[in-house]
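Student: Below are the chains, spelled out letter by letter.
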Amino acid sequence: MINFDILLFLTLFVVCILVLSLLKNNSKEDNLRDIPAFYRLKGAIELSVEDGSRIHVAIGRSGITSPQGAAAMIGLSMLKRVGNIASESDEPPIATMGDGTIMVLAQDTIRNNYADLGLSSSYSNDLGRMAGITPFSYAAGTMSLIFDEDVSTNLLAGSFGPESALITSAGERSQTLTIAGTDNIPGQAVLFATAHEPLIGEELYAGGAYLGAGPVHVASLHAQDILRWIIVGLLVVGAVSGIISGLTS
Amino acid sequence: MKIKSPLSTAVAIGSGLIVLLTYLINVDEINAVRETLLGWVVIASAAALLVGLINLITVHVNKIRQGKKPLYSFVLVISAVVTFSLTLVLGPGHFIPQGIFQYVQIPVETSLMAVLAVTLTYASARLLSRRPNLFSVIFILTLLLTLLGTAPFFNIEIPFISSILQPFLSKVLAGAGARGLLIGVGLGTVATGIRILIGADRPFSR
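Chains as they are written, first to last, in the working numbering: chain A, 1 to 249; chain B, 1 to 206.
Hints were generated in silico from the structure; no laboratory data involved.
Honestly, I wouldn't trust all of these hints.
As the list claims (entries may be wrong) - Only some residues are given here: those of chain A computed to face chain B with a beta carbon under 8 Å:
hint, residue
1, Ala70
2, Asn112
3, Ser169
4, Gln175
5, Gly212
6, Arg228
Said to hold, decoys possible - With a cut-off of at most 20 Å between alpha-carbon atoms, the simulated SDA-like pairs for lysine to any residue come out as follows:
hint, chain 1, residue 1, chain 2, residue 2
7, A, Lys42, A, Glu91
8, B, Lys68, A, Lys42
9, B, Lys69, A, Asp148
The beta carbon of each residue, even a glycine, is placed where N, CA and C say it ideally should be.
Just need the whole structure built from these sequences, with the hints factored in.
Tutor: Written as structure tokens, this is what we have:
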């Protein structure tokens with residue numbers, strides 16, 4: 001038995017991404033809407049290289065096998081981009097996470113950054129740290145890192161719950177910029193109130209496209225927009241037909 | 001070394017496609033392969049957790065050596081080693097590991113939750129001064145109205161707010177907003193998965 005609705009949805013999504021990435025290769029314009037958080041992040045990365053401070057990328061506590069793993073993969077993509085730009089700094093970027101598999105992948109990401117820059121001998125496993133396994137132990141471990149490691153910018157990109165307020169408050173007290181996004185809805189409400197630059201809804205998933213991770217990231221962002229409008233259209237049609245059938249019955 | 005990167009990408013794409021296939025086609029043989037793959041992943045995740053614990057201890061041992069707040073790191077290392085050793089020897093069901101969890105871990109995390117309540121109150125109070133815009137005003141107004149409608153004010157329920165406004169805010173407006181956000185998050189999750197499956201996104205390999 002074949003699940004046709006999922007197959008149709010995925011096929012549409014893949015076709016949109018592939019077609020749009022081919023079109024993107026022929027165009028120099030990205031056509032992305034303004035998300036101030038990413039402009040501030042780019043500025044903060046350049047500033048950290050200049051003043052020799054450190055960027056902290058928090059990838060959260062989700063594992064690779066859970067549905068929240070996608071948010072962690074976005075965190076890894078952003079770590080790679082931030083690392084490419086800021087690895088020449090005196091204090092290279094540091095990553096924290098709350099899951100062993102993501103820690104191994106984050107260490108690989110940072111190690112590859114160093115290898116790309118020909119700085120393999122400077123790499124240390126301490127740059128990808130497991131801060132804690134439970135939500136609050138992760139927050140507590142990350143808070144101490146923000147205070148102790150000369151961090152100038154905190155980028156929270158991954159899966160965080162309400163405990164993220166402890167991390168952002170540590171950023172506030174150490175007078176560092178905090179840019180934060182999560183896939184968790186209560187976590188988003190908390191980050192809206194506590195982070196300097198919150199990333200709401202799907203803005204977290206746009207990180208790769210805004211940090212120049214490649215044309216496929218931009219294409220997938222446009223594909224999301226197309227599919228979102230299709231879903232909105234179907235919801236409106238469903239609601240209207242429901243009202244009409246209710247009135248006529 | 002040169003074969004490592006394409007091999008890991010091929011394994012990631014192959015495993016992902018097999019697991020995805022089981023959501024599309026319900027065939028017992030493919031389901032069995034998925035179960036085997038997921039079993040391997042569980043074992044690998046447990047091993048990675050152990051690696052993570054070693055990383056945590058190594059980082060704090062280095063901090064002790066460098067003299068960076070050595071007392072905190074010393075307490076962490078001793079606690080981790082003692083808890084791990086006792087649980088390994090006595091088993092997780094023994095009353096000592098259970099007691100460490102029940103009488104140390106849970107109270108410490110509960111106290112952090114209390115700190116979180118204060119942190120959130122303070123952050124909400126500061127929101128309007130830090131980011132004075134329309135969305136911040138709507139956020140604070142919604143928060144206040146929801147609180148007034150949920151918790152009795154000096155033990156007096158405010159009729160219109162408790163019975164009409166608060167349910168409308170939390171069930172209709174907040175519910176619809178949360179669904180909208182979830183659609184965005186869902187689409188972002190699927191897009192990330194597709195990028196990995198077509199081999200376009202592999203941040204951990206060169």
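Student: Each of the hints needs a verdict: does it hold here or not?
Tutor: Here is how each hint holds up against the structure:
With a cut of 8 Å, the hint placing A:Ala70 at the interface with chain B holds, because the nearest CB-to-CB distance is about 4 Å. For A:Asn112, the interface hint holds, since its Cβ comes within 8 Å of a Cβ in chain B; the closest pair sits about 5 Å apart. The interface hint given for A:Ser169 holds, since its Cβ lies 5 Å from the closest Cβ of chain B, which is under the 8 Å cut-off. The beta carbon of A:Gln175 is not positioned within 8 Å of any beta carbon in chain B (closest approach about 13 Å), and the interface hint is therefore violated.
The closest approach between the C-beta of A:Gly212 and any C-beta of chain B is roughly 13 Å, which is over the 8 Å cut-off, so the hint fails. Because the closest C-beta pair between A:Arg228 and chain B is about 6 Å apart, less than 8 Å, the hint holds. At most 20 Å may separate the alpha-carbon atoms for a hinted pair to count; A:Lys42 and A:Glu91 meet this at roughly 17 Å. Proximity of B:Lys68 to A:Lys42 is assessed by CA-CA distance (about 30 Å); at most 20 Å being required, the pair is judged violated.
Of the supplied pair hints, the one linking B:Lys69 and A:Asp148 holds, its CA atoms being roughly 9 Å apart against a limit of 20 Å.
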